[in-house]
Amino acid sequence: MIRLEKRPQPSRAWSMATPLVAVLATMVMGGLLFATLGKNPVEAIRTIFWEPVFGEFAFYYRPQLLVKGAPLVLIAIGLSLGFRAGIWNIGAEGQYIIGALTGAGVGLAFYPMESWIIFPLMVLAGAFGGWAWAMIPAVLKTRFGTNEILVSLMLVYVAEQFLASMSLGLLKNPEGFGFPGSRNLQQYASAHNGEIIAGSGMHWGVVAALIAVIFAYILLNRHMLGYHIRLTGEAPRAAKFAGVKPARLVLFCLGTSGALAGLAGLFEVSGPSGQVSIDFNVGYGFTAIIVAFLGRLHPVGILLAGALMALTYIGGDIAQGNLGLPSAAIQVFQGMLLFFLLAFDLLTNYRIKLGTEGAL
Amino acid sequence: MDLSAINPVLLIASLMVAATPLLLAAIGELVVEKAGVLNLGVEGMMITGAIAGFAAAVESGSPLMGFVAAAGAGALLSLLFVVLSQIALANQVASGLALTLFGLGLSALMGQKYVGVKPPAMGRIDIPVLSDLPVLGRILFSHDIVLYFGIALTAVVWAVLKYSRIGLILRAVGENHEAAHALGYKVVKIRTLAILFGGACAGLGGAYISLIRVPQWTEGMTAGVGWIALALVVFASWKPWRALLGAYLFGGITVLQLNLQAAGVAIPVEYLAMSPYLITILVLVILSADKSNAPASLGRSFHASR
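From first to last, the protein sequence lines are chains A and B.
Using my numbering, you'd call the opening residue of the first sequence number 1 and step up by one each time.
Using my numbering, you'd call the opening residue of the second sequence number 1 and step up by one each time.
Treat the hints as calculated values from the structure; they're not laboratory data.
Ideal Cβ positions, reconstructed from N, Cα and C, are used throughout, including at glycine.
Heads up, a few of these hints could be off.
[As the list claims (entries may be wrong)] Covered stretches of chain A (chain B as the covering partner; in silico rule of three or more C-beta atoms under 8 Å from a C-beta of chain B): (1) 16-25; (2) 53-60; (3) 143-149; (4) 157-167.
[What the hints assert, rightly or not] Pulled from the structure, derived: some chain A residues nowhere near chain B, Cβ distances all over 10 Å: (5) 9; (6) 32; (7) 289.
Work out the full structure: start from the sequences and follow the hints.
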């Protein structure tokens with residue numbers, strides 16, 4: 001008989017090890033999946049994890065790691081604050097879209113004026129847009145007790161429709177020959193989120209992501225608010241007695257994650273993507289959920305997990321080109337990762353014992 | 001704008017069709033939640049059911065085979081949720097999200113060669129005399145068999161939950177799993193069965209979309225129906241008949257906004273398409289005040305430790 005015995009304290013060693021074990025298990029299972037699709041599994045795994053960093057064209061792919069990783073880390077940092085306290089914002093994709101719309105909207109309103117002030121204003125507008133969109137589930141939760149999971153998710157679909165309406169209407173490029181989509185912000189110097197060091201992939205979004213990691217680390221480890229967040233997640237009753245106000249926490253966690261997701265959207269739309277178009281969003285808001293868990297809801301962990309997830313995006317693209325691996329296979333691969341992570345997490349909280357000794 | 005183009009009889013008939021996937025998924029989730037488990041993977045199980053059912057129906061040429069396969073696929077995927085939430089005791093919210101993310105990817109992968117394929121048509125029942133009645137015949141007596149199955153399932157779930165011993169045990173597990181365990185009921189086993197039932201129902205609902213409602217396969221075609229079904233369970237305050245009412249209400253909104261789009265109302269298409277989601281939020285707000293009917297152990301993991 002196999003029994004589970006609850007550990008008096010979660011194991012720190014397993015807590016660190018489970019992400020690695022999960023990644024290894026995903027590689028094995030993913031390899032099997034790729035084999036059933038008729039691809040060489042070793043070659044596919046090598047292409048995904050090795051090629052972008054050490055392969056022949058790594059000089060091209062390494063900067064992409066920052067470009068794809070930054071929005072993931074930025075969003076996941078915000079989400080992790082809420083997840084720690086049991087506040088589930090799963091509508092980051094919507095906040096990302098709205099942040100991109102408000103930010104790009106401000107930039108486009110100034111067109112064709114050139115000034116240094118425009119980009120900072122866009123950043124503020126992007127953060128505000130995401131914050132405001134996240135405030136909807138936050139206020140509904142605090143005022144009416146509405147479930148934030150369902151509301152934030154419903155708002156993703158609303159935001160997608162809104163994006164379609166904007167890129168076909170208000171924000172459409174007047175000189176775009178009737179094609180949907182806004183002016184290309186890459187060609188508008190004051191609004192362009194370009195590379196800070198040419199060829200490095202380093203844009204302002206990467207800087208913002210790093211700052212977010214540092215702030216989140218300080219918040220969680222050195223600040224009263226961060227302590228309250230952790231307390232609420234780990235011992236809700238104790239938090240109540242300690243006088244933590246749940247409503248304030250909901251507003252803070254949802255608001256922060258919304259603002260960070262909005263920022264990610266703005267940096268993406270004014271930089272790598274360049275244009276508000278119907279399908280500029282590629283699901284970073286959902287993948288960031290995996291990043292947050294894979295990083296154990298810890299800022300430094302999220303940084304590493306974001307890099308790994310960016311790797312699977314880039315490697316997936318390469319595998320698509322070289323091996324004809326369908327893009328959906330990478331999505332399955334990422335989903336699998338979350339599965340294994342949650343499953344192996346058992347070892348963090350429980351001991352596995354063989355035999356029935358001690359059982360009454 | 002030409003509102004007279006909207007035929008009320010056809011509107012009601014298509015409302016029932018639009019409501020059925022929601023109803024099937026919501027009834028399944030209702031049973032799961034009654035057992036004290038919150039499975040947020042409905043959307044993932046639905047879309048997997050949609051493609052599994054579609055593929056099986058195309059390959060076998062029989063829509064009924066498609067529905068059987070869809071129920072199987074939904075249950076199979078929900079087995080992953082069982083492993084995570086019941087055996088590995090993982091957080092149920094996270095496990096449900098994992099199921100949805102995985103299901104969306106898996107369905108896209110499975111569906112690649114079915115884009116643009118036409119599925120075999122499901123026949124409508126045809127009862128002599130009754131189906132030929134002027135208005136009622138079209139509304140009540142000439143749908144496909146799965147639609148009636150959905151209504152029958154609602155009745156069965158209601159009766160089982162309310163009057164049978166199985167229903168009583170299921171509710172006991174959902175209300176207080178420690179007490180149920182102390183009485184000797186196998187909490188994990190009962191919850192596992194409930195989750196599998198919910199998965200099969202969600203799979204059926206998904207297949208209803210890809211085989212009857214649309215009918216074709218496109219990536220991500222469930223477009224949030226699984227999430228609306230989750231909201232519907234709250235709306236129904238965990239009562240089967242209210243889930244039926246809610247499903248018809250949401251089906252009505254969906255069909256009405258599609259009809260308004262077709263009739264060329266002055267509201268832009270995108271804003272009409274938002275309406276089902278906005279109304280879901282509105283309904284959640286109105287009904288969230290009263291949570292007294294929620295199963296008391298909802299979302300809590302159970303581990304028989306001493």
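Hint compliance check: list the failing hint numbers for this structure, sorted ascending. Hint check: 1, 2 and 7 fail, others pass.
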